[in-house]
Amino acid sequence: FRQYTIVKLFCESYDLDKECPCPSDFPVWVTPLSLAAEMGCYEIIDYLLNCRDHDTIPEPHPVKCRCRVLCSLKTGDQLEVAQRALHIYTAISQPSYYIHVTNDPFTRSFALYKRLIEVADFYVPLKPAFIKLAERAQQFAVDLIAECRDAREVRVILTHSFCGKKKVWERLQTIPNEVPILLMALDYRQKCFVAQPNIQIVLKEFWIGNYYSWRVMSTMKKAVHPIHTNPRCCHTYTT
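Take the sequence shown: its position 25, counting from 1, is numbered 25 in our numbering, and each next residue is one higher.
Don't take each hint at face value.
[Unchecked claim] Derived pair list, reagent style PhoX-like, types lysine-lysine, alpha-carbon separation capped at 25 angstroms:
hint : residue 1 : residue 2
1    : Lys191    : Lys114
2    : Lys204    : Lys191
3    : Lys132    : Lys221
4    : Lys127    : Lys204
5    : Lys64     : Lys114
6    : Lys114    : Lys127
[To be verified] Between beta-carbon pairs, the in silico distance windows are:
hint : residue 1 : residue 2 : range
7    : Val216    : Val63     : 18 to 28 angstroms
8    : Gln139    : Ala223    : 31 to 41 angstroms
9    : Glu80     : Thr159    : 38 to 48 angstroms
10   : Trp207    : Trp29     : 18 to 28 angstroms
11   : Asp121    : Trp207    : 52 to 62 angstroms
12   : Lys127    : Arg155    : 31 to 41 angstroms
13   : Val216    : Thr102    : 16 to 26 angstroms
14   : Ile131    : Glu205    : 27 to 37 angstroms
15   : Cys67     : Leu186    : 28 to 38 angstroms
If you're looking for bench data, these hints aren't it; they were derived computationally from the structure. Quick reminder that beta carbons are idealized off the backbone N, C-alpha and C, glycines included.
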């Protein structure tokens, strides 16, 4: 709380959009918001985003972008470019930051994981650092779904229409399903999310109905049950 109060008093007399005047302490591209996000200071991030209508951290251009902005960076100091990219991606991939700027943290986590893997292949010397950021984004979605206290909460998340990329959403709309978030997780290859125990328990319920009823079935009934279930499932996913 003391740290938050000090930062608040300092920011009231400082231009938040101004670059750092002390390059010996921080690189010139570091802003109060990006530094707070990099450090994971939740209260300070919340304050900076709400005071004076401060903007969010600008999203970096995709590594395959061929616009003038990225091309001009390629002709500059490559060490500075790489360090700046690492700083920005560390900030925007911090869960305590992006839960403030998105209504769908699961979609955000999945998309960040995929993008950070692509960036890691571009900045090869910094690949371990970017891989670590990707794993953090992936683990946040797993930890978040683990906070669900019952199957109803898990079903609410899995059946929620996500706010992902338009092309991904349009493709998933062509597949009749009851769990769009789960299909998106598969699309982004989020194995840890799909394998999370809460997800698996609810999936069993989707597949075999009441899990308790399945466990108390006789061996004969368990053998016959898929005969009635599989045709319906196959018909659903092929029509």
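For the pair supplied as a hint, Lys64 and Lys114, is the alpha-carbon distance within the 25 angstroms limit? holds, 14 angstroms
Is it true that the C-beta distance of Glu80 to Thr159 lies inside 38 to 48 angstroms, as the hint says? Once the Cβ atoms are compared, 46 angstroms apart, the range 38 to 48 angstroms for Thr159 and Glu80 holds.
C-beta pair Asp121, Trp207: status relative to the range 52 to 62 angstroms that was hinted: violated, 36 angstroms
Quickly compare the C-alpha distance for Lys114 and Lys127 to 25 angstroms and report which way the hint goes. holds, 14 angstroms
Take a quick look at whether Lys127 and Lys204 sit within 25 angstroms of each other, Cα to Cα. violated, 37 angstroms
Please work out if Lys191 and Lys114 have their alpha carbons no farther apart than 25 angstroms. Status holds; Cα separation ~13 angstroms.
Check the hint pairing Lys132 with Lys221 against an upper bound of 25 angstroms on the C-alpha distance. violated, 47 angstroms
Evaluate the given range 27 to 37 angstroms for the C-beta pair formed by Ile131 and Glu205. This hint holds: roughly 34 angstroms between Cβ atoms.
Could you see if the CB distance from Gln139 to Ala223 stays within 31 to 41 angstroms? Cβ of Gln139 to Cβ of Ala223: about 38 angstroms, so the range 31 to 41 angstroms holds.
Val216 and Thr102, beta-carbon distance inside 16 to 26 angstroms? With Cβ atoms ~43 angstroms apart, the hint is violated.
Falls inside 18 to 28 angstroms, the C-beta gap from Trp207 to Trp29? At 50 angstroms between Cβs, range violated.
Given the hint that Lys204 pairs with Lys191, does the C-alpha gap stay at or below 25 angstroms? It holds: about 17 angstroms lies between the C-alpha atoms, which stays within 25 angstroms.
Of the hints listed earlier, those the structure fails to meet are numbers 3, 4, 7, 10, 11 and 13, in rising order.
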